[in-house]
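J.: Sequence:
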Amino acid sequence: MSAPGIPEVLLTNVTKRFGPSAAPVLDAISLTVERGEFVTLLGPSGCGKSTLLKLVAGLSPITSGEITVNGMTPVNARPIVSFVFQDATLLPWRTVEKNVALALELEGRPRDETAQTTQSLLQLVDLSHVAQHYPRQLSGGMKMRVSIARALATRPRVLLMDEPFAALDEITRDRMNEELLRLRAEQDWTVLFVTHSVAEAIFLSSRVIILAPHPGRIAHELTIDLPWPRTAETRESEAFDALVNRASRLLREAHRA
1 MSAPGIPEVL LTNVTKRFGP SAAPVLDAIS LTVERGEFVT LLGPSGCGKS
51 TLLKLVAGLS PITSGEITVN GMTPVNARPI VSFVFQDATL LPWRTVEKNV
101 ALALELEGRP RDETAQTTQS LLQLVDLSHV AQHYPRQLSG GMKMRVSIAR
151 ALATRPRVLL MDEPFAALDE ITRDRMNEEL LRLRAEQDWT VLFVTHSVAE
201 AIFLSSRVII LAPHPGRIAH ELTIDLPWPR TAETRESEAF DALVNRASRL
251 LREAHRA
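Each residue of the sequence shown is one higher than the one before, counting from 1 in the UniProt record's numbering.
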């Protein structure tokens, strides 16, 4: 558990350059994410959304500033953080069951524990019936559910998701959004999510952070006060439409900034 008063994710004046003389990709980013929040990074291409996620994950070093995850450096926090990429990145020679079990095997978990945890995760994402299938036999949405199940195998506190549904058609994406919120309600993670879709950001989030490009910086912050749980009917509400329109306007302003 976090000590009282410690944010789950804290970025303080973070700047990132890919080289000593290079222009900053991210400039003076300060952001606090509390335990249990679902925060989405929204912005045009080139604003550093994916780079920011990699910094939080400890996959790339910051140039200046500070990042902590549950009070730890990103590298030290890796055991409590999972990353879901845009591509499902499943191993084609392993079954669904074996792909989900991979992280547990790498940690050296006992075989019985690995089997039980894997079975529970497949039930959670409603894929028990394809446990012995291979990735080539799955739809895009099913592959992403396997990827999410694999990310959950180590019981993370923080889930970093980099456009995980970008390659899916709109109907499948909407269904996956609803599924993600159902899983989050059962698991209580903190989520930092990246998307180009304004509607997706509004539907999923408790807060939306809008980034401006060149260099990437926070331009606007929008609190999403739609009631929970969110369902397909949420997207049909006037409040949802109003928030989408407001976020779209702020995104255009950020792009011109």
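Honestly, I wouldn't trust all of these hints.
Here are the computed lysine to aspartate or glutamate pairs in the EDC-like style, where the Cα-Cα straight-line distance is at most 20 Å [what the hints assert, rightly or not]:
(1) Lys54 - Glu66
(2) Lys98 - Glu66
(3) Lys54 - Glu105
(4) Lys98 - Asp112
(5) Lys54 - Glu34
(6) Lys54 - Glu37
(7) Lys98 - Asp87
(8) Lys54 - Glu163
(9) Lys98 - Glu113
Everything labelled a hint here was simulated from the structure, so no lab data went into it.
J.: Are the hints correct? Go through all of them and say.
T.: Status of the hints after comparison with the structure:
Simply put, Lys54 and Glu66 have alpha-carbon atoms about 14 Å apart, close enough for the 20 Å limit, and the pair holds. Restraint check: the Cα-Cα separation between Lys98 and Glu66 comes to about 37 Å, which exceeds 20 Å; the hinted pair is violated. Restraint check: the Cα-Cα separation between Lys54 and Glu105 comes to about 24 Å, which exceeds 20 Å; the hinted pair is violated. About 14 Å separates the Cα atoms of Lys98 and Asp112, which keeps this hinted pair within 20 Å; it holds.
For the hint pairing Lys54 with Glu34, the CA-to-CA distance comes to about 19 Å; that is within 20 Å, so the pair holds. A distance of roughly 19 Å separates the Cα atoms of Lys54 and Glu37; the hinted pair therefore holds under the 20 Å criterion. Note on Lys98 and Asp87: the hinted pairing holds, with a Cα-Cα distance of about 18 Å set against a maximum of 20 Å. Our distance criterion of 20 Å between C-alpha atoms is met by Lys54 and Glu163, whose separation comes to about 13 Å.
Of the pairs offered as hints, the one joining Lys98 and Glu113 holds, with about 14 Å between alpha carbons and a cut-off of 20 Å not exceeded.
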